[in-house]
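Protein chains in written order, with my numbering: chain C, 1 to 487; chain S, 1001 to 1118; chain H, 2001 to 2422.
None of these hints come from the bench; they were simulated from the model. The reader is advised that the hints may include incorrect statements.
[As the list claims (entries may be wrong)] If you want a taste of the chain H side facing chain C, the calculated C-beta under 10 Å gives, among others:
1. Asp2083
2. Ser2099
3. Glu2102
4. Tyr2104
5. Ala2125
6. Gly2130
7. Arg2132
8. Gly2135
9. Gly2154
10. Ala2178
11. Lys2221
12. Asn2223
13. Lys2238
14. Gln2267
15. Tyr2308
Even for Gly, the Cβ is constructed at its ideal location relative to N, Cα and C.
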Amino acid sequence: MQPCYDFIIIGCGITGSSIALELSKYQTKILILESSNDVSMGTTKANSGIIHGGYDPKPGTLMAKLNIEGSKLTKELAPILNFHYNQVGSLVVGSTEEDHQKINELFENGIASKISGLRLLKTKKEVHSFEPNLNPDFDYALFAPSAAVVAPWEECLAFAQTAVGNGAKITLNARVTNIERRDDKYLVTANKKTYLGTNVINCAGTYADIVYKLALGEKADKSFEIIPCKGEYYLLDKNQGDLVKHIIFQTPSKLGKGVLVAPTIHHNLIVGPNADYEVSSRNDTSTVQKNIKYVAQAAVRSVPQINYRENIRNFSGIRATLKDFDDFLIEESPYLKNFYNFAGIKSPGLSCGPAFGKELIRLMGNKFTYNLNKKFKYYPLPKYFKELTEKEKIAIIKKDNRFGRIVCRCESITEGEIVRAMHSIIPGRTIDGIKRRTNAGMGRCQGGFCGPKVFELIKKEFNLKAEKVLSDRNGSYVVVSRTKGEK
Amino acid sequence: MKELICISCPRGCHLKVDEKTLSVTGNSCPRGKIYGISEVTNPVRTITSTVKISGGMLSRVSVKTDKPIAKTKIFAVMKLLNQVQLTAPVNIGDLVLENILDTDVNIVVTKKVEAKYE
Amino acid sequence: MCEHDLVIIGGGPAGLSAAYSAFQNGVKDILIIERDSHLGGILNQCIHNGFGLHKFREELTGPEYAQRYIDLIHQTNVHIKSDTMVLDLSKDKTIHCISASEGYQHIRAKAIILAMGCRERTRGAISIPGSRCSGIFTAGAAQKYCNIDGYLVGKKIVILGSGDIGLIMARRMVLEGAKVVADIEICPYSNGLNRNVVQCLNDYDIPLYLSHTVTDIISDKNNGRVKKIVISEVDENKKPISGTEQEIECDTLLLSVGLIPENELSQNAGIEIDPRTKGPIVYDNLETSVAGIFACGNVLQVHDLVDYVSLEAERAGENAAKYLTEGEIHSSLIKVENRSDVSYTIPQYIRKTNMEEGMIQISFRVRRPMKNKRIVIEGHGKEIASFPRIILAPAEMENIKIEKNKLKDVSIIGISIKEMQK
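Just need the whole structure built from these sequences, with the hints factored in.
Encoded structure:
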């Protein structure tokens, strides 16, 4: 008899992992199917990392409601799960009459959505007392104290590993290729295996319409359409990280939220994205010259001193937008009972994070008959070695002297942490998987120094042939072979 | 007439060498003349590479030809080097291969590798 | 907490030479802290020839050059902590470091020599657009994979940058069985030594695309590895010219696009950094803005020849020894300015002490290649000294010496490049 899961969650980005976390608080059998070889591999690992204040979406929309709820929950969960979180606050800045009007509108929005702490800064002096390095022309701003920055892949991992720690199963490299009804259950096929589930939760990001169409079968034309949109970024050296204290938004226009300038959770500076523009590919995250140039030029309008020679990385993220629909599409499919879509999770998706699980339970109403899991516990991420007190550092090295060997020089990450990440609840098995879990390779040299060392550790720990050690996604080999024709 | 850049010193004089008469022009010193003639008659290079080594802290040790060797033999030398397997400890100057390809050129170790004690 | 008279951070060529020099100048209690398990620094992976022509009048490979100094150090009582990473350095000369064998340590020093070397400029620093695929390495990382760990990083390689590191890696990859399809250089000339262009590119028929740069990187959709790169010609401002794009198929891109002195520790210690060199501001005795902390080698200014690193480090060692016996120097200063066509000078300041005897050495680089010029030291509107040069190039550091007594009456001097006098 094939086991039947209560929930099959398709996609383990911030949406899927948040839902899994919430569901794992109950006595539920959960299966997460993730198409990539790690969690957070889609939009979740390539965005601004911002928990928004919540005043931007129209009041009454799901975006507004879940942003506010999610932002509070994120703040509560950060110390419990030990993912990095910094409530830096945000400013929407402007200088023209049009800007003033728009900022006032956002303020009104925020008030209507009952967001506390919002404040208008109405003089140049006030604006610059908050942010001395801003363009001197800015004379008006909306201050939202609740805005924060996180490392989204970290938050996603923390949620996913807690779910798994509490009994949820996760299968990686499991791209869903078929969904059919089997009596009143769903039979989901992924990577040549089939799984039976009562409820299917579609959190497949930029592929959500493709997954839905699989389930709809002949009714595929009833599906929503995902339009992938790309946004490009600069990530600058920590010596630029002090340029601003808050997240700085340019006044939104028809093109979107405008280019932001923000400190990251790691004290770098992040700049971007350009106005999300439609792309044809759902996973081509290459950056384009004219777009990154646009980002660079647009950002200095906010903070003139940004020094792009201190850039350490450009990246781009693709997010799922919906055709002709400017809210999240969170619904039980009108055509498929117990099939739930979480579609079009673009900004402020990350900010809503933990609220998605609560929304699913609300949506299920009295169909949600599961009891609380009294044995539920949180599985926090381990602290970075560099964040320990000196006493704790000395103690941990005594326990395992690999914590005394620095592998990543730029970020002071130890071998102990790297090996630990290879054995965590959802282990890191690739160079970038280790990077996301430990921070190794995120520094100014971008893995130039630690890359060969992390490579060797992965090879040894997983007993892999050299050409099988991966940079990130499947197939992304690092080296071709040993030299000298050695096997 | 062959045009070359002399590599004997940073000046990089532009040489013109007549392949038939072996006359060299454009050199600023005698070493340039020697280089020019050698380049058109029997160009030679020093080869530096690595070979496999076991029993040490590293799996590769660097080596070199102790004299420049005919340029035409470079890849043949690399093939030979691929087959070498040394055992630590090795010292700088240790002979790896003697008189390779009948050229009177030897391969010697250029890095000290100590034996690893378990 | 343990204490040493002199602690040297870095056991590469700079640290080794500084340590030996300090020892020869009477310092009895020296510690070298080295993060790798062996001394030698970057020389350990520079298995090619070309080192030591000035210092030892022999042509040596990197590891051989390093061993000369390692052997010298072993004849001294210089103490070595290897596999040890310095995490923090403070102005009061307390060093926090860490190793697997000794755990977390505090070390106090009476004097410190910074010899941490440099790191490589990355793709992000020059914002190459395109895919984030695997198969993109800095040349030095590829060199480590190849020469130390024994891995071939790719089979069909394009190299960006024709400085010596890029050229050397081109040859190395070919010798290990890869095909090097092209070397792309943004300047209209190669920044490497001519001998390397000949021996690394010409010998293997590797085309050198001058005045070109990489403007896109395209990945293989099946495995996320580099599949092609796009290069474009650039104009005199090094900006890509639209319409000149060419695709080159490859599976690997090596970046040899510059070195940056590694001064994270120096900055945290409040040592003033010169934005022109990205290294510490130093006086003529190579002392930084913090008394008793000296700098030498690539951490101070990026060098082309290790022989000059050793010479510079000798001076640092000697001066650190002097500091330990004679203490802090207080004097008025001469500011050294980089003028026309000179991009920086080391030192940035000269102390006016004992101006009757001795020489001052000034190192600098020019901004562009030039022929038949004079290096001129001028002060207060007058030419103080002039040094003719047939060839000047940004890739070749210049060193000039001037008698101190010629600088007695000035408070500012400028180094500039002028025309040859008739």
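Status of the hints after comparison with the structure:
no.: 1; hint: Asp2083; in the structure: 7 Å, holds
no.: 2; hint: Ser2099; in the structure: 5 Å, holds
no.: 3; hint: Glu2102; in the structure: 7 Å, holds
no.: 4; hint: Tyr2104; in the structure: 5 Å, holds
no.: 5; hint: Ala2125; in the structure: 6 Å, holds
no.: 6; hint: Gly2130; in the structure: 5 Å, holds
no.: 7; hint: Arg2132; in the structure: 6 Å, holds
no.: 8; hint: Gly2135; in the structure: 8 Å, holds
no.: 9; hint: Gly2154; in the structure: 6 Å, holds
no.: 10; hint: Ala2178; in the structure: 8 Å, holds
no.: 11; hint: Lys2221; in the structure: 8 Å, holds
no.: 12; hint: Asn2223; in the structure: 3 Å, holds
no.: 13; hint: Lys2238; in the structure: 13 Å, violated
no.: 14; hint: Gln2267; in the structure: 8 Å, holds
no.: 15; hint: Tyr2308; in the structure: 24 Å, violated
The earlier numbered hints that this structure contradicts are 13, 15.
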